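Participant: The chain contents come next:
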Amino acid sequence: MSINLSKLTVRSVRDGIAAKEFSAREVAQVSLDHIAATEDALHAFNQVTPELALEAADAIDAKVAAGEDLPPLAGVPTAFKDNMNLVGTRTTCSSKILSNYESVYDCTAVRRMLDAGAIPVGKCNMDEFAFGSSTENSATGPSHNPWDLDCVPGGSSGGSAVAVSAAQAVLSLGSDTGGSIRQPGALTGTVALKPTYGRVSRYGCVAFGSSLDQIGPFARTVEDAAFALSAMSGKDPMDATSMNEPVPDYVAAVTNARANGMKGLRVGIVRDMLDMDGLHTRIKGMTEEVVGTFARLGATVGEVNLPTSQHALAAYYIIGPAEASSNLARFDAVRYGVRAPEAEDVMDLYMRSRAEGFGPESIRRIMLGTYALSAGYYDAYYGQAQRARTLIIREFAEAFADYDILVTPTSPEPAFKIGEKAADPLTMYLNDIFTIPVNLAGNCAISVPMGKAKGLPVGVQLIANHFAEETLLGAAAMLEREIRFDSTPPFVR
Amino acid sequence: MSISEEQVRHVAMLARLGLSDDQIASLGQELNTILGHIDQIQKLDLEGVETTAHPLDVVNSMRADEIRPGLLREDALKNAPERQDNAFLIPRIVGGDDAS
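Line by line, the protein sequences are chains A and B.
So that you can map any letter, position 112 of the first sequence is 112 in the numbering used here, and since no number is skipped, the others follow by simple counting.
So that you can map any letter, position 94 of the second sequence is 587 in the numbering used here, and since no number is skipped, the others follow by simple counting.
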């Protein structure tokens, strides 16, 4: 039985193993072999974990041999962003300062995926501490987009996006603080979901912006993303911000939407975001076509404006760095981390270890956040951003009184060349103008491939209200079926 | 608002970043570019709008005050850059010749 990695889905892996068409070990080995053959070109991984993968695969095969029921993600090769702890791996955040850090506990989301039968194939490259939109800010070097190896895959969860796009894994997890799942999803032609803030536990994922961060999946199909979300969701006593909301069957939500269609669904295109400067014209047109598709499928469509979201980028580049500068204070080279040699005293130890251990973008964000929180500037920056956040949340709430799904592009442009934006941090930040407001408001959103511009994949972002992931995934699944995007890049064929 | 080189040095000290003169100079320029964009937020009329620190309407999340397993000492020390017995080892903070 030959296994075509780029066509595997969660369902086909589990069913194939259950029917003994192939074993979990065979799937894991094919995945590991493909990773070995492609990593020189892609650099999706900071660490590949064949021992963990084969051990987990053997456990699945033992269940098959014993005639036991298989868990929902049985045998599914899965990759994890390198800011998520897993015992038996290093968790480096693609940073020099954590380059030798060995996990001593498991991230809850990772643990839940593995408990659901997922096979851990490795830890994925990322922008250092998730600061970036290209995965170029990595101490281990950039990842490459499988659609064009000279291009970035987006970021910060770029390695996780590449792993799924290039069929190195069937699923991967990323984290999204301002677009770090959705934007690389768009740039690599993958389905990329940021759940509602509080839907998935953040425990064990190295914190960037604690009021913004959320873990979510990359997949090649909406149904696969639903499988991952079902496995990960729910209250975790280890994360006080994980919410005690019921966890519906998200896979059933996809199935039901396909059976019932879009009748009654209210879809609003966010007009003022579509009129923003810098949006690629082809992407703008395709986004409008998506709304037309929803109308054709029976949805009621209209337009909405989110005026304060024009200021979301500014608010985010205060709130995000402010929270990051606090979170990164823990990297003091005392309990863990690479320590600068021969420090004269403790202050010298902190100052040199941090300056030598953090890369340029991390230093920039720490500086920005520390400045925004410092005496004399706190209210003008942090206070003002928090008040803007209130208005952004209010405008989303008002929009969701009239609409179930809001539509924007995911990213203003397709993948750009490695190095193209590296010299200009602000231009890089602008890549997240459509995704950032959603993190500030805490809503759920998904990027679905909607076609190509300049020969490269582009994504549409669907946004839904807090804990409305069933509606979100249902709408995404319907759109996916209409668009029929071929998610396999030429590199893999 | 723009940030002066002296302020950049002060903020670097607050953030415990021992930056070189070159880094201070280039960071000053970069931060001013970014702040130039961020300053648009000052134009928003937010008089009387309350602040939001957290996107969901939740208050304290409580649990029973019960003993439960935590990190084992060996695990907690596993990544220590330097250790001595069961402690993290750091340079002397008080006493000696340290003037700070």
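Each hint should be verified, as a subset may be incorrect.
To be verified - Computed footprint of chain A on chain B, listed as stretches where at least three residues anywhere in the stretch have a Cβ under 8 Å from a Cβ of chain A: (1) 516–527; (2) 546–556; (3) 567–576.
Hints in this document: simulated from the structure, not taken from any laboratory.
Values in this document were obtained by computation on a predicted structure and should not be read as measured data.
Every residue gets a Cβ at the ideal spot worked out from N, C-alpha and C, and that includes glycine.
Participant: All hints are to be evaluated individually against the structure, with a verdict given for each.
Facilitator: To see whether the hints hold, each was checked on the structure:
Residues of the segment 516–527 of chain B with a Cβ under 8 Å from some Cβ of chain A number 6, which satisfies the need for three, so the listed coverage holds. Counting residues of the segment 546–556 of chain B whose beta carbon lies closer than 8 Å to any beta carbon of chain A gives 7, which meets the minimum of three for the stated coverage. Check result for the segment 567–576 of chain B against chain A: holds, 7 residues qualifying (beta carbon to beta carbon below 8 Å, three or more required).
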